[in-house]
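Novice: In case you want the letters, here they are:
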Amino acid sequence: MANEGRYCKSQERRRVPHRLHCARNFPALAMSPLSVSDLAVSRGDRTVFSGLSFRVEPGEILHVQGRNGAGKTTLLETLGGLRVQIAGTIAGGPGASERHWLGHRSALNAALTPLENLRFWCALNGAGDSELLPALDQLGVKAQRNRLCGTLSTGQRRRVALSRLLAVKRPWWFLDEPLAGIDAAGLQLITQLLAAHAGEGGTAVVTSHQALPDSLPRLRALALDA
Amino acid sequence: MNEKYELYVWSSYGLGAAVLLWNLLLPLWRRRALLRSLNEARDEGE
Amino acid sequence: MWTWFHRLASPPSFYRFADRLAPWLLGLGLLLLAVGCYGGLFIAPADYQQGDAFRVIYVHVPAAALSLFVYVLMAVAGAIALVWRMKLAECAVVAAAPIGASFTALALVTGMLWGKPTWGAYWVWDARLTSELVLLFLYLGVIGLNQAYSDARTAARACAWLALVGVVNVPIVHYSVQWWNSLHQGSTILSLEAVRDPKISSSMLWPLLLTLSGSFAFFFAVWLRRLQNEVVARERGANWVRDCVLQAPLAAVSNEQSGMTGPELDPSMQSRQGRQRHGEPRGAD
Amino acid sequence: MNAMLDAAWAVFVRELRLALRRPAEATQPLVFYCVLALLFPLGLAAQDVGLRAFAPAIVWVSALLAALLGIERLFRADVDDGTLEQWLLADVPFPMLVGAKLAAQWLLIAAPLIVAAPLIALALNLQPQAIGVLLLGLLFGTPVLVFSGGFAAALTVGAPRAGLLIPILVLPMMCPALIFGAGAVRAAQVGLSVEGPLYFLAAMMVLSLTLLPWAAAGALRNALE
Chain X
1 MANEGRYCKS QERRRVPHRL HCARNFPALA MSPLSVSDLA VSRGDRTVFS
51 GLSFRVEPGE ILHVQGRNGA GKTTLLETLG GLRVQIAGTI AGGPGASERH
101 WLGHRSALNA ALTPLENLRF WCALNGAGDS ELLPALDQLG VKAQRNRLCG
151 TLSTGQRRRV ALSRLLAVKR PWWFLDEPLA GIDAAGLQLI TQLLAAHAGE
201 GGTAVVTSHQ ALPDSLPRLR ALALDA
Chain R
1 MNEKYELYVW SSYGLGAAVL LWNLLLPLWR RRALLRSLNE ARDEGE
Chain Y
1 MWTWFHRLAS PPSFYRFADR LAPWLLGLGL LLLAVGCYGG LFIAPADYQQ
51 GDAFRVIYVH VPAAALSLFV YVLMAVAGAI ALVWRMKLAE CAVVAAAPIG
101 ASFTALALVT GMLWGKPTWG AYWVWDARLT SELVLLFLYL GVIGLNQAYS
151 DARTAARACA WLALVGVVNV PIVHYSVQWW NSLHQGSTIL SLEAVRDPKI
201 SSSMLWPLLL TLSGSFAFFF AVWLRRLQNE VVARERGANW VRDCVLQAPL
251 AAVSNEQSGM TGPELDPSMQ SRQGRQRHGE PRGAD
Chain U
1 MNAMLDAAWA VFVRELRLAL RRPAEATQPL VFYCVLALLF PLGLAAQDVG
51 LRAFAPAIVW VSALLAALLG IERLFRADVD DGTLEQWLLA DVPFPMLVGA
101 KLAAQWLLIA APLIVAAPLI ALALNLQPQA IGVLLLGLLF GTPVLVFSGG
151 FAAALTVGAP RAGLLIPILV LPMMCPALIF GAGAVRAAQV GLSVEGPLYF
201 LAAMMVLSLT LLPWAAAGAL RNALE
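Residue numbers (the numbering used here), protein chains in the order written: chain X, 1 to 226; chain R, 1 to 46; chain Y, 1 to 285; chain U, 1 to 225.
No lab work stands behind these hints, which were simulated from the structure alone. You may find that some hints are simply not true.
What the hints assert, rightly or not - Derived, one-sided and incomplete: chain Y residues facing chain X with beta-carbon distance under 8 angstroms:
| id | residue |
| --- | --- |
| 1 | K116 |
| 2 | D151 |
| 3 | A152 |
| 4 | R153 |
| 5 | T154 |
Said to hold, decoys possible - In the SDA-like style, the derived pairs of lysine to any residue whose C-alpha atoms are separated by at most 20 angstroms in a straight line are:
| id | chain 1 | residue 1 | chain 2 | residue 2 |
| --- | --- | --- | --- | --- |
| 6 | R | K4 | Y | A121 |
| 7 | R | K4 | Y | P45 |
| 8 | X | K169 | U | L69 |
| 9 | Y | K116 | R | W29 |
| 10 | Y | K116 | R | R36 |
| 11 | R | K4 | Y | V109 |
| 12 | R | K4 | Y | F42 |
| 13 | R | K4 | Y | M112 |
| 14 | R | K4 | Y | Y122 |
| 15 | R | K4 | Y | L73 |
| 16 | X | K142 | X | G181 |
| 17 | X | K169 | X | G93 |
| 18 | X | K142 | X | S153 |
| 19 | R | K4 | Y | I43 |
| 20 | R | K4 | Y | G120 |
| 21 | Y | K116 | R | L15 |
| 22 | X | K142 | X | A111 |
| 23 | X | K142 | X | G93 |
| 24 | X | K142 | X | T154 |
| 25 | Y | K116 | R | L28 |
| 26 | Y | K116 | R | Y13 |
| 27 | R | K4 | Y | L41 |
| 28 | R | K4 | Y | R236 |
| 29 | X | K169 | U | A3 |
Positions of the beta carbon are idealized from the N, C-alpha and C atoms, including for glycine.
Bound conformation, chain X alone (with noise of 0.2 angstroms):
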């Protein structure tokens, strides 16, 4: 895609290291499109959303779009597995074993340090830790692995919380708002992310109020205003 080769260019430049972006594919079975079809799901009694029909290519990235309470965030945990649906069917979605969810919260203990707190999310998820170190250094805050993270910037728990991406390799990404509290370079740095992961065939389901970049490929947006 030449959209993609011209986004690899640029990143030579800011010398992002480079298995970054290394193709790796996805097997297929765990890449089938994600299909949503007459969906209604509530918070308590209200309903948030309802007849929401959609469906997710592989190596997208679906941009998911509302004012505050249009129920981003509940479509989200619904994809991701956390809420149950009051009606229609999702189909062709990721295992627990093949997606990331990364809540508006970090999941992060302020009592634990990040490599602490990340060893203990790869022991839960049954996955080695050797990418751990490496994963922190590419989003900056090796330097802070050892220290408490109730003593870390928000900014720093949200690059933390999303070193798990790298750390542990999945073709399902589910981000809430990653975008929040997190500064230009970082803003940079989650586009790159997101590119890389789409570039192997990934794909990403992110909601945020602020645009994301164009020059992501795949990009799409689902606005749930409407």
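Use these hints to put chains R, Y and U onto chain X, whose structure you have.
Specialist: Using the frame of chain X, we list chains R, Y and U on its own:
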């Protein structure tokens, strides 16, 4: 009825009646409040 | 039968069904209770052992039976709510708890009033009284848990879990207290059992059967009414509420608004039940 | 199966590590337990013979209250920082993870209470021959206590101010354990057989170890939704 027991028996029947009344009235009151708030909400909406 | 059941579970058809059924159940219940109480107070002969004190039985036994029955009903509704995510069952749990609690309290107090003249003490730590007390705490736990959450659905489902765990707990408490007692005061237990299960003559029996069935009918009538309220409160935005709840009684409500001396003016009731009755802002966004 | 055990072990170790980070907080239940139990004699006349009779109940009730101290916070941090979402989404049965967390809590809260119990029992003039029974009873009874406390904490985790609700939810579940735990000690004091109550306690322990993690997991899932 034997006076020795009168107090116990009558008070238990009285309490029973009170419980019945309480159970009877409470849903009615709540229903009334509910209908009023629903009506208000509808009037505001219109 | 199954489709009928399924249709009933939808809030609007349940609402209409309850509207038709509840008045009949209430009338039947009150009639049976009135006849039963009259029979119990004036027709049944005095017991040869306990004298007139045994007449408490016509209040105590129905209340105790209801308290257990309502808890089991709550647990069954809770299981249905958790397995099939059925809204009506969630409401059923929450609606049953206050009624069950009131009858449990009645059973406890009448038990004490019966105990004083027959055993000479208001309270005896026997298995039935103690498990009844624990049951009251379980009911209070359900009511408290329901009010602790601001979201009605989360609250109802938490209550369903509690009811399920509690229903396992009640028999355990009962048998543990029984055993605890038999270790230390075996003789009182024996005489107590005899008091609780007297060889009852038919002129004593029929009022009991009447008050028993009457209070069950009464419970179901009140429960249906509470369920209606609960369902309407949770479905307040739905179209059917507008169509079939608000249309008919509109005139009645506006009348009441003008010159009413109602519960709103009763401060004691207000403080105890205010939250429950005015819990409407729940789940509002 | 192996991955499941690894994950549960990871949860267990994480709990211990977190407790080690805040040692003062972790020892609070123990201190509270000792203070509470040793307040009772001060309410009686010096050398009161009644103390010995009340000792089993004092030890048990104090343990009960100490274990409930702060249990409402059990899941709150994990819910607030999003950790529990990751537990739910991991490819491991959620009740298993909840069970592992509760097991760690038992080790952190209840095990110190069991260790301290003999000293308190001696201070309360309990006969030395009854102390073994007391410890055995606590060994069987405290898991019931911690697991039902965990269940109550899971039930109330979404409710902001439910601290006072937890004792109301837990105490009915603790009645049988209290009856048999203190009952066994009283039986030992007068030389009666203690096997019955202890068997009953062990059965209750098995029941709560098997059922309550599932109930707690269901309640947590509900609170997160």
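Novice: If a hint holds in the structure, say so; if it does not, say that too.
Specialist: Results for each hint:
Interface hint at Y/K116: violated, since its Cβ lies 47 angstroms from the closest Cβ of chain X, which is beyond the 8 angstroms cut-off. For Y/D151, the interface hint holds, since its Cβ comes within 8 angstroms of a Cβ in chain X; the closest pair sits about 4 angstroms apart. Hint on Y/A152 holds. Least Cβ distance to chain X is approximately 6 angstroms, under the 8 angstroms limit. Interface restraint check for Y/R153: the shortest CB-CB distance to chain X comes to about 5 angstroms, inside 8 angstroms, so the restraint holds.
Satisfaction of the interface hint for Y/T154 is found here, the shortest Cβ-Cβ separation to chain X being roughly 6 angstroms, below the 8 angstroms cut-off. Distance check on the hinted pair: R/K4 and Y/A121 sit about 15 angstroms apart at the alpha-carbon level, within 20 angstroms; holds. Between R/K4 and Y/P45, the direct Cα distance comes to roughly 16 angstroms. Compliance with the 20 angstroms bound is thereby established for this hinted pair. Between X/K169 and U/L69, the direct Cα distance comes to roughly 42 angstroms. Violation of the 20 angstroms bound is thereby established for this hinted pair.
For the proposed pair Y/K116 and R/W29, the alpha carbon gap of about 36 angstroms is over 20 angstroms, so the pair is violated. As the CA atoms of Y/K116 and R/R36 are separated by approximately 46 angstroms, the hinted pair breaks the 20 angstroms bound. Proposed proximity of R/K4 and Y/V109 is supported: the alpha carbons are some 19 angstroms apart, at most 20 angstroms. Restraint check: the Cα-Cα separation between R/K4 and Y/F42 comes to about 16 angstroms, which is no more than 20 angstroms; the hinted pair holds.
Using a Cα cut-off of 20 angstroms, the hinted pair R/K4 and Y/M112 holds, with the two alpha carbons roughly 16 angstroms apart. Of the pairs offered as hints, the one joining R/K4 and Y/Y122 holds, with about 16 angstroms between alpha carbons and a cut-off of 20 angstroms not exceeded. With a C-alpha separation of about 39 angstroms, the suggested pairing of R/K4 with Y/L73 is violated against the 20 angstroms cut-off. Our distance criterion of 20 angstroms between C-alpha atoms is met by X/K142 and X/G181, whose separation comes to about 19 angstroms.
A distance of roughly 17 angstroms separates the Cα atoms of X/K169 and X/G93; the hinted pair therefore holds under the 20 angstroms criterion. Simply put, X/K142 and X/S153 have alpha-carbon atoms about 14 angstroms apart, close enough for the 20 angstroms limit, and the pair holds. At roughly 19 angstroms between alpha-carbon atoms, R/K4 and Y/I43 fall within 20 angstroms of each other, so this suggested pair holds. Proximity of R/K4 to Y/G120 is assessed by CA-CA distance (about 13 angstroms); at most 20 angstroms being required, the pair is judged to hold.
With a C-alpha separation of about 16 angstroms, the suggested pair Y/K116 and R/L15 falls inside the 20 angstroms cut-off, and the hint holds. Between X/K142 and X/A111, the direct Cα distance comes to roughly 18 angstroms. Compliance with the 20 angstroms bound is thereby established for this hinted pair. Our distance criterion of 20 angstroms between C-alpha atoms is broken by X/K142 and X/G93, whose separation comes to about 33 angstroms. With a C-alpha separation of about 16 angstroms, the suggested pair X/K142 and X/T154 falls inside the 20 angstroms cut-off, and the hint holds.
The straight-line distance between the Cα atoms of Y/K116 and R/L28 is roughly 36 angstroms, outside the 20 angstroms bound, and the hint therefore fails. Under the criterion of a C-alpha separation no larger than 20 angstroms, the hint pairing Y/K116 with R/Y13 is consistent with the structure, at around 16 angstroms. In summary, the hint linking R/K4 to Y/L41 is supported, as the alpha carbons are separated by about 15 angstroms, within the 20 angstroms threshold. Restraint check for R/K4 and Y/R236: the C-alpha separation of about 54 angstroms exceeds 20 angstroms, so the hint is violated.
Taking the CA atoms of X/K169 and U/A3, the gap is near 18 angstroms; set against the 20 angstroms cutoff, the hint holds.
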